[in-house]
Structures are given as C-alpha cells and as structure tokens.
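Enquirer: Here are the chains, one letter per residue:
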Amino acid sequence: MPSAASFDIAVVGAGIVGAACAREFAEAGLRTALIEAEAIGGGATAAGMGHLAVMDDSEAQFALTRYSQVLWKELAAELPAECEYLPCGAMWIAADEEEMAEVHRKQRYYSERGVPVEVLDTSSLADAEPNLRRGMAGALLLKDDSVVYPPCVAQFLVAQAQRDGATLILGRRVMRIDGNTAKLDDGSILFSDNFVLANGSSATSLVRDLQIQPRKGHLVITDRYPRFVRHQIIELGYLKSAHATRADSVAFNVQPRSSGQLLIGSSRQFGNEEAGVDGKIVSAMLQRAFEYMPGLKKLSAIRTWTGFRAATADKLPLIGPSPGRENVYLATGHEGLGITTSLCTAKLLGDLLLRRTPVINIAPYLPDRSYAVHG
Amino acid sequence: MAEMISLSINGVSIRVPAGTMVAAAVLIAGETMFRRSVSGEARGPLCGMGVCFECRVTIDEAPHCRSCQIICRDGMKVRTG
Numbered sequence: 107m108p109s110a111a112s113f114d115i116a117v118v119g120a121g122i123v124g125a126a127c128a129r130e131f132a133e134a135g136l137r138t139a140l141i142e143a144e145a146i147g148g149g150a151t152a153a154g155m156g157h158l159a160v161m162d163d164s165e166a167q168f169a170l171t172r173y174s175q176v177l178w179k180e181l182a183a184e185l186p187a188e189c190e191y192l193p194c195g196a197m198w199i200a201a202d203e204e205e206m207a208e209v210h211r212k213q214r215y216y217s218e219r220g221v222p223v224e225v226l227d228t229s230s231l232a233d234a235e236p237n238l239r240r241g242m243a244g245a246l247l248l249k250d251d252s253v254v255y256p257p258c259v260a261q262f263l264v265a266q267a268q269r270d271g272a273t274l275i276l277g278r279r280v281m282r283i284d285g286n287t288a289k290l291d292d293g294s295i296l297f298s299d300n301f302v303l304a305n306g307s308s309a310t311s312l313v314r315d316l317q318i319q320p321r322k323g324h325l326v327i328t329d330r331y332p333r334f335v336r337h338q339i340i341e342l343g344y345l346k347s348a349h350a351t352r353a354d355s356v357a358f359n360v361q362p363r364s365s366g367q368l369l370i371g372s373s374r375q376f377g378n379e380e381a382g383v384d385g386k387i388v389s390a391m392l393q394r395a396f397e398y399m400p401g402l403k404k405l406s407a408i409r410t411w412t413g414f415r416a417a418t419a420d421k422l423p424l425i426g427p428s429p430g431r432e433n434v435y436l437a438t439g440h441e442g443l444g445i446t447t448s449l450c451t452a453k454l455l456g457d458l459l460l461r462r463t464p465v466i467n468i469a470p471y472l473p474d475r476s477y478a479v480h481g
Numbered sequence: 261m262a263e264m265i266s267l268s269i270n271g272v273s274i275r276v277p278a279g280t281m282v283a284a285a286v287l288i289a290g291e292t293m294f295r296r297s298v299s300g301e302a303r304g305p306l307c308g309m310g311v312c313f314e315c316r317v318t319i320d321e322a323p324h325c326r327s328c329q330i331i332c333r334d335g336m337k338v339r340t341g
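Residue numbers (the numbering used here), protein chains in the order written: chain A, 107 to 481; chain B, 261 to 341.
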C-alpha cells in the first residue's frame with residue numbers, strides 16, 4: 107500500500123464546479139490535482155447560459171444561490187474582460203394576473219431575506235423591455251442577478267488554482283478510484299488522500315448507485331443586436347415547466363450578452379442522451395420565445411447547441427462525502443444552477459475538508475439524503 | 261432601358277436600375293466600408309454569394325442584412341458602417 111499520497115485532494119472534472127473547487131483547495135494550501143479528460147469548461151459549463159440566479163424553490167436552494175451571488179460579487183472585480191461579467195439583473199415576467207400574484211409572493215419572500223427586488227407594472231415593464239409583447243401584467247426585477255461567460259470563468263479559476271500550486275492533468279480520464287488511488291486511462295496511477303467528483307452526470311461511472319439523470323437542454327445564439335433586451339428575461343411559466351421533472355418542456359428565457367448577442371432558451375428533456383439538436387424542440391422553444399417577444403422573429407440566429415444538466419430528484423446538488431466512501435466527495439447534481447452555485451459548492455467542500463464552520467447549513471446538500479430517498 | 265428606382269444610402273438618394281443588388285447600389289454610391297468588424301476594422305463584400313457575411317448593412321432599421329443577397333426596392337433606406 108502506498109503510504110505517502112502525492113496529493114491531499116484530486117478533483118475529477120475541470121468544469122466550472124471542479125475549477126472552483128481546485129481554486130478553493132489550492133488557495134487553502136492543500137496539495138491539489140485537477141484532472142480533466144477533455145477541455146476545461148467544455149461540458150455543461152460551455153453549454154449553459156451563465157445566468158447567476160437567486161432561486162426560491164426551497165430554503166436550501168435559496169441559501170445556496172444567494173450565498174453564491176455574494177461570492178460572485180466578490181469575484182467579479184477580479185474577472186478578466188473575456189469572462190463577460192454583466193450585472194444586468196433578471197426579470198421574471200408575469201403574463202397575467204395569476205402570475206402577477208406569484209410576482210408579489212416572490213417580492214415578499216426575497217424582501218424578507220434582504221434580496222434587492224422591484225415589482226414592475228405593465229407600463230414600467232414595457233419601458234424597461236420595449237421588445238416584449240405589449241400588455242404583460244408585470245415583472246419581478248431581481249437586481250443582483252447577473253451573467254458571465256462560464257467557460258472563460260472556468261479557465262480563470264483553473265489558472266488561479268495553478269498559481270496557488272495546483273497540478274492540472276489535462277487529457278486523462280479517471281477510470282476508477284480505490285482507496286487513495288485513482289487509475290487513469292493511460293494506465294498510470296495517481297495517489298491522493300481525498301477525491302472530489304465534479305464531473306457532472308459522468309460521476310455515475312465512478313460511484314455506484316448515484317442518483318443523477320442527464321437532462322438535455324438546447325440554446326440558440328443570435329447575431330449582435332445591442333440593447334434589444336436589457337435584462338435576463340424569464341417567463342414565470344418557466345417555474346411550471348422546469349418543475350415538471352419527467353416531461354419534455356420549453357420556456358421563454360432570453361439573455362443579453364456583453365457582445366450584443368442574445369441567448370434564447372430554454373428546453374428540458376429527460377431520457378434523451380443524444381447530443382444532436384432536436385428540431386422539434388428548437389422549433390417549440392423559439393415559438394414560445396416569439397409569443398413573448400415577437401421581434402425575435404426578425405433576428406438572425408447563428409448557432410444552436412445542446413448540453414446535459416446533471417439532475418437530482420430533489421433539485422438540490424450533491425455536496426459532501428459519498429455514502430460509504432468517506433474520502434470520495436461529490437460535487438455534482440447542480441442541474442441548471444451549476445454556474446451560479448459553483449463558488450458556494452467549492453466553499454462548502456473547503457469548509458468540510460478543512461473543518462471550518464460553514465456559512466450556511468450544509469445538511470440539505472449532503473449526498474446521503476439522496477441515498478436515503480432512493481434507497 | 262431598365263426601369264430606374266431610387267433608394268437612399270446613408271441618407272443620400274441614388275437611382276439604380278431595377279434588379280440591382282443592394283451591395284452594388286452601395287458601391288455605386290461610392291461607399292466601400294459596408295460595416296465595421298467587432299475590433300473596428302472596415303469590411304465589405306468578399307464572396308458575393310451570401311456565405312461570408314462581410315457585406316452586412318442595415319436596411320430599413322433591420323441590422324445584419326446581407327447586401328449581396330437582397331435586391332433594391334424603391335424607397336429602401338440603407339445604412340453602412
């Protein structure tokens with residue numbers, strides 16, 4: 107048995123979650139390895155919108171996303187220009203009075219918890235976003251929501267980790283982990299006291315019985331139309347569709363990029379592991395977008411792509427030791443919130459490993475609750 | 261003799277034969293910079309067949325129109341740059 111491990115911790119996967127973890131551990135002085143089979147930030151990290159969102163599905167989700175926003179605000183000043191940090195705010199759009207009641211409920215929820223929000227009525231919404239269909243009931247503006255370009259953030263976090271002494275192992279896939287050894291696909295062995303699986307839905311190949319499903323999404327990007335939209339805009343109906351965990355769904359979600367381009371989403375599909383673009387879903391997604399923003403029809407789309415979110419049954423990520431394997435930590439299952447919650451995930455794992463007192467209660471994210479639920 | 265139509269290029273009115281492509285009209289108007297690249301460099305038609313996107317102009321307030329693929333219409337307003 108090897109007694110002297112080469113690393114204190116080895117992170118599997120250099121998406122934004124793994125990159126943030128490696129940076130956190132290296133900064134704390136741990137001997138850190140970061141292993142990426144393909145490209146830095148090339149998986150779900152590159153496929154997503156990069157909306158840094160606060161959410162209120164549950165108290166646990168709120169705590170995680172809100173703490174993450176605080177961490178993002180701290181990081182924003184350090185981010186290089188190519189990370190395209192844009193503090194544009196997000197608007198949840200109410201099409202009718204029923205959805206407007208939800209706007210007011212959310213306003214109370216967020217205000218009670220110190221999140222800066224503002225309710226817009228029909229006319230102030232039309233002024234704020236003139237390309238929306240006329241006659242919307244209103245919207246909730248979340249002022250702290252912002253946008254980044256995630257693959258470049260992942261690159262930046264990896265560079266910071268390396269500056270603090272982390273070792274990047276690029277182009278090698280971890281085939282299995284036994285005790286404190288990881289076997290790589292070139293036959294080499296890496297020794298580490300602890301491992302962190304931050305490889306999205308691929309984590310299921312390294313830990314048995316992991317309850318994670320890939321949830322396919324599509325996005326469209328347009329040519330440059332500066333100021334066509336000014337905020338991240340999401341229909342409140344998104345909540346209904348994003349909550350239906352088993353059915354295919356689309357919802358209106360559009361985002362301004364600092365380049366002037368627009369990202370148009372969104373779709374969710376289970377049980378489809380084909381990476382190809384599904385014309386029917388893209389068509390339904392754009393149709394939904396045109397209902398909310400008719401002027402989109404006249405813009406040029408230049409590219410469409412897909413990605414896979416790592417989804418858990420209770421919509422909370424798995425952060426913490428893998429049940430029965432105390433030195434294998436999970437940092438996956440972030441579904442559509444992995445960009446937002448990457449920083450908080452890293453912070454919480456750092457708290458666990460270094461026995462620091464976490465800022466928020468980690469219990470809701472510990473993986474053993476997932477096993478408890480699913481047996 | 262082809263029917264003549266008129267359109268404006270950057271606010272200047274010109275007359276061209278019906279059937280003229282917008283790219284040709286822009287050049288007839290003496291304008292060679294159709295748009296600027298993201299880094300600010302001058303751009304103009306390269307392929308002439310709708311593939312390279314270098315000849316984009318704004319037509320009647322719609323940006324990113326490929327001038328080599330669009331036939332002039334009477335009263336059209338074209339902006340370059």
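Check each hint, because a few of them may be wrong.
[Stated by the list, open to error] Calculated pairs, SDA-like style, for lysine to any residue (alpha carbon to alpha carbon, straight line, at most 25 Å):
#: 1; chain 1: A; residue 1: Lys404; chain 2: B; residue 2: Asp334
#: 2; chain 1: A; residue 1: Lys403; chain 2: B; residue 2: Cys312
#: 3; chain 1: A; residue 1: Lys404; chain 2: B; residue 2: Gly308
#: 4; chain 1: A; residue 1: Lys404; chain 2: B; residue 2: Met264
#: 5; chain 1: A; residue 1: Lys212; chain 2: A; residue 2: Phe168
#: 6; chain 1: A; residue 1: Lys404; chain 2: B; residue 2: Ala262
#: 7; chain 1: A; residue 1: Lys212; chain 2: B; residue 2: Cys312
#: 8; chain 1: A; residue 1: Lys403; chain 2: B; residue 2: Arg275
#: 9; chain 1: A; residue 1: Lys404; chain 2: B; residue 2: Gly290
#: 10; chain 1: A; residue 1: Lys386; chain 2: A; residue 2: Asp420
#: 11; chain 1: A; residue 1: Lys403; chain 2: B; residue 2: Glu314
#: 12; chain 1: A; residue 1: Lys404; chain 2: B; residue 2: Arg303
#: 13; chain 1: A; residue 1: Lys404; chain 2: B; residue 2: Gly304
#: 14; chain 1: A; residue 1: Lys404; chain 2: B; residue 2: Arg339
#: 15; chain 1: A; residue 1: Lys249; chain 2: B; residue 2: Glu314
#: 16; chain 1: A; residue 1: Lys404; chain 2: B; residue 2: Glu263
Quick caveat, the hints were computed from the structure, so don't treat them as lab data.
Remember, it's a predicted structure, so these values are computed and weren't measured experimentally.
Enquirer: Decide, hint by hint, whether the structure agrees.
Expert: Cross-check of the supplied hints:
no. : hint                    : verdict
1   : Lys404(A) <-> Asp334(B) : 21 Å, holds
2   : Lys403(A) <-> Cys312(B) : 22 Å, holds
3   : Lys404(A) <-> Gly308(B) : 22 Å, holds
4   : Lys404(A) <-> Met264(B) : 29 Å, violated
5   : Lys212(A) <-> Phe168(A) : 12 Å, holds
6   : Lys404(A) <-> Ala262(B) : 32 Å, violated
7   : Lys212(A) <-> Cys312(B) : 47 Å, violated
8   : Lys403(A) <-> Arg275(B) : 31 Å, violated
9   : Lys404(A) <-> Gly290(B) : 29 Å, violated
10  : Lys386(A) <-> Asp420(A) : 28 Å, violated
11  : Lys403(A) <-> Glu314(B) : 22 Å, holds
12  : Lys404(A) <-> Arg303(B) : 23 Å, holds
13  : Lys404(A) <-> Gly304(B) : 23 Å, holds
14  : Lys404(A) <-> Arg339(B) : 18 Å, holds
15  : Lys249(A) <-> Glu314(B) : 38 Å, violated
16  : Lys404(A) <-> Glu263(B) : 30 Å, violated
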